[in-house]
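Chemist: Spelled out from the first residue to the last, the chains are:
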Amino acid sequence: MSFYADFCIPFIAGATVMFAAIALKYVTWLKRLPKSDLMLIAKGIPTPRTAGAVWEIFRESLLHRRIFRVNPLLGYMHMSLAFGWFLLIVVGWTETVAYLGMRWVPLQGHVFFKYFMPMNGIEGHKPFFDFVMDLLLLFVLSGVALAWFKRFRSRSMGMKRTTKHVLFDRVALTALWFVFPARLVAESITCGLYGGGSFLTGGIGAGLAAAVPPEALAMAYEPAWWFYSCALGVFFVAMPFSRYMHIFTEIPLIFLRHYSLRPEAKEKSYDNFEIQACSRCGICIDPCQLQSQLGINDVQSVYFLRDRRYAMLQQKIANNCLMCGRCEAVCPVGINLNTLRLNSRSTMRNIPNERRYNYLAGLDRSQGEGRVGYFAGCMTLLTPKTLAAMQRIFEAAREDVWWADKDGGVCCGRPLKLSGEVDSAQKMIDYNKELFRRHGITTLVTSCPICLRVFREEYGLQGVEVLHHSEYILRLMHRGRLSVKYSAATFTYHDPCELGRGSGIYDEPRAVIEAVGHLTEPAHTREDALCCGSSVANTAINDAQQLRIAEGVAQELDATDAETVVTACPLCKKAIMRGTARRVADLSEIVAENLGR
Amino acid sequence: MINFGYSINKPRVIDIDRNNLHKSNEILREMPELQACIGCGSCTATCTAGNLTSFNFRKVHTLVRRGEYQGAYEEMNKCMLCGKCRLVCPRGINTRGVVMLIKRKLGDF
Numbered sequence: 001m002s003f004y005a006d007f008c009i010p011f012i013a014g015a016t017v018m019f020a021a022i023a024l025k026y027v028t029w030l031k032r033l034p035k036s037d038l039m040l041i042a043k044g045i046p047t048p049r050t051a052g053a054v055w056e057i058f059r060e061s062l063l064h065r066r067i068f069r070v071n072p073l074l075g076y077m078h079m080s081l082a083f084g085w086f087l088l089i090v091v092g093w094t095e096t097v098a099y100l101g102m103r104w105v106p107l108q109g110h111v112f113f114k115y116f117m118p119m120n121g122i123e124g125h126k127p128f129f130d131f132v133m134d135l136l137l138l139f140v141l142s143g144v145a146l147a148w149f150k151r152f153r154s155r156s157m158g159m160k161r162t163t164k165h166v167l168f169d170r171v172a173l174t175a176l177w178f179v180f181p182a183r184l185v186a187e188s189i190t191c192g193l194y195g196g197g198s199f200l201t202g203g204i205g206a207g208l209a210a211a212v213p214p215e216a217l218a219m220a221y222e223p224a225w226w227f228y229s230c231a232l233g234v235f236f237v238a239m240p241f242s243r244y245m246h247i248f249t250e251i252p253l254i255f256l257r258h259y260s261l262r263p264e265a266k267e268k269s270y271d272n273f274e275i276q277a278c279s280r281c282g283i284c285i286d287p288c289q290l291q292s293q294l295g296i297n298d299v300q301s302v303y304f305l306r307d308r309r310y311a312m313l314q315q316k317i318a319n320n321c322l323m324c325g326r327c328e329a330v331c332p333v334g335i336n337l338n339t340l341r342l343n344s345r346s347t348m349r350n351i352p353n354e355r356r357y358n359y360l361a362g363l364d365r366s367q368g369e370g371r372v373g374y375f376a377g378c379m380t381l382l383t384p385k386t387l388a389a390m391q392r393i394f395e396a397a398r399e400d401v402w403w404a405d406k407d408g409g410v411c412c413g414r415p416l417k418l419s420g421e422v423d424s425a426q427k428m429i430d431y432n433k434e435l436f437r438r439h440g441i442t443t444l445v446t447s448c449p450i451c452l453r454v455f456r457e458e459y460g461l462q463g464v465e466v467l468h469h470s471e472y473i474l475r476l477m478h479r480g481r482l483s484v485k486y487s488a489a490t491f492t493y494h495d496p497c498e499l500g501r502g503s504g505i506y507d508e509p510r511a512v513i514e515a516v517g518h519l520t521e522p523a524h525t526r527e528d529a530l531c532c533g534s535s536v537a538n539t540a541i542n543d544a545q546q547l548r549i550a551e552g553v554a555q556e557l558d559a560t561d562a563e564t565v566v567t568a569c570p571l572c573k574k575a576i577m578r579g580t581a582r583r584v585a586d587l588s589e590i591v592a593e594n595l596g597r
Numbered sequence: 001m002i003n004f005g006y007s008i009n010k011p012r013v014i015d016i017d018r019n020n021l022h023k024s025n026e027i028l029r030e031m032p033e034l035q036a037c038i039g040c041g042s043c044t045a046t047c048t049a050g051n052l053t054s055f056n057f058r059k060v061h062t063l064v065r066r067g068e069y070q071g072a073y074e075e076m077n078k079c080m081l082c083g084k085c086r087l088v089c090p091r092g093i094n095t096r097g098v099v100m101l102i103k104r105k106l107g108d109f
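Line by line, the protein sequences are chains Z and E.
Numbering-wise (our numbering), the first sequence opens with residue 1 and increments by one.
Numbering-wise (our numbering), the second sequence opens with residue 1 and increments by one.
These are calculated hints, taken from the structure and not from any lab test.
These numbers were taken from a predicted model, which means no experiment stands behind them.
Just to be clear, a hint being listed does not mean it is correct.
DSS-like cross-link-like pairs, simulated, lysine-lysine; straight-line CA separation at most 25 Å [said to hold, decoys possible]: (1) 23/E <-> 316/Z; (2) 31/Z <-> 268/Z; (3) 105/E <-> 266/Z.
Chain Z on its own, in the form it takes in the complex:
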């Protein structure tokens, strides 16, 4: 049997282009990986991590479990298209084997099996496969129908806004929408002429045969298959250059991630896997407060990744991000959006300057003696109430404290790093590290989550435990060194981005608040908490815009009707204070006010 017909040409050409383009991409990216990354891959392959990756690929690339969590209907849409198409391929291949045995059949022979093997007069007709294939086609078509529906009613699928697509995406999307309806038509006509098919293609085929004269049906036969083949061909050609590249990129990405590859503060080849694994689903758009509060529509992660992928990223887009991590928390592909944004900024701005910050040499303005060091951080120095409260807490706990920067110190380096000047930030990091080492502290407490994050992630302080003051205060309470009075006061708590999503500290501040009074939660809380808008990561928005974001957050906190808004970040405190008439206090203040004897 020959498996060739002229109408297969668009399909064959499209598939060839697609596989060649994908292979070229993979080879280039893998070849450019740094040696350390290649070592990680080599070490990881013969471990159970590989099995873990396969399991995750099944769950996420086919079933799309994480999208189900955003919205069940949206999840079903993605699952029906991905898992349905996958099953169509697998069952289609099984069907070919069932009819023809284990012999080599070219790709188009599998894909256009109904054309090459019409069901009239063949021996051993297997209606089971007709039924399953029809069921699967219906499954996929239901997803396509939902995708059409989502175009004009995205809200009913849990998305207020969807992505604005570029030309290649539109071409690919249109082709994809036509692939399955075209398949339905082609197979139905074939069934109408030659029999076979089940409830769907068979049913429509029988209807067509009854309604349309056989000559007309025969005339539509070839064009229908041509159209199906063209739709597939166009989709395949557009795929590697459009968002649909995610289909194949997510698979190696999951493997690499299981082998512990991660993006870093400077761009590297691994980033390509993350960037092209973005499906531009647009789930990151709605959580972005720059969108919801300020109506800024072109800076969200989906657009940032798109611009970076097509090498048209502008500095103003890269800079306009709060790096609050709300998008990262919902990204169904789990892309490290903040790190990618950071290393883009680094590429655009990082100018190593050896003489920069030479003035730090030999500087030491610290005071006091103690194994416990307290690093207030620049922002805490601007909120003297927090500083005074910490002093009272240290005194109440009879802690000998080494004050690292009470009289003005050197910035922790994170703000500069977030702006992209990674090498210069390292000078401040080195300076502070040396300062901590010289004073021999074993515990480092900070009341600024921005400092906390860089201390934990970048400093590599061996032998020094780094604690946020919320963790430290809770520990003092647990050890009986600090007692607080419980009162009927009501509090609500704002999760700082760098503390919550950034460092995973949610429970400690809440435990401290519940020891002094009653805690009520705002509408967005914990992993879903809003950003105060004053993030040091954003140098693009102006004061009025910062204020609008802060007012949005304050409104939610006001709605809890708590007497005091508590937060655990000096920057959040300053921002929220501008948006509400209610009292805003740092965690340490409410503890210091309610110290027991």
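Dock chain E against the given chain Z, drawing on the hints supplied.
Modeler: The following block gives chain E in isolation, referenced to the frame of chain Z:
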């Protein structure tokens, strides 16, 4: 010539007519809010780098606006970008943005 043991200082006047204001205009076009500066100096008073060195943010950006670019990039490089100045600015100027903008216009990125 007789050496009197002293000399005459070079004139310290800033002549806006003679200074090249091209960069300055570019900076103000991209960051118009900088014109709202009242020169109160809160930024400098609170500055982390200014606490440790003679870095004076108000002075630098004022000179840059007048077309006096000499040494401004090197001065700005002392800034740690901590953002305290932005929090205390009574006119709500995006000072961190100003630092980055001046460095971009006068420096090498």
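Chemist: Does each hint hold? Answer for all of them.
Modeler: Hints, verified against the model:
1. Distance check on the hinted pair: residue 23/E and residue 316/Z sit about 19 Å apart at the alpha-carbon level, within 25 Å; holds.
2. In summary, the hint linking residue 31/Z to residue 268/Z is supported, as the alpha carbons are separated by about 12 Å, within the 25 Å threshold.
3. Distance restraint check for residue 105/E and residue 266/Z: the Cα-Cα separation of roughly 23 Å lies within the 25 Å cut-off, and the hinted pair is therefore satisfied.
No hint from the list above goes unmet by this structure.
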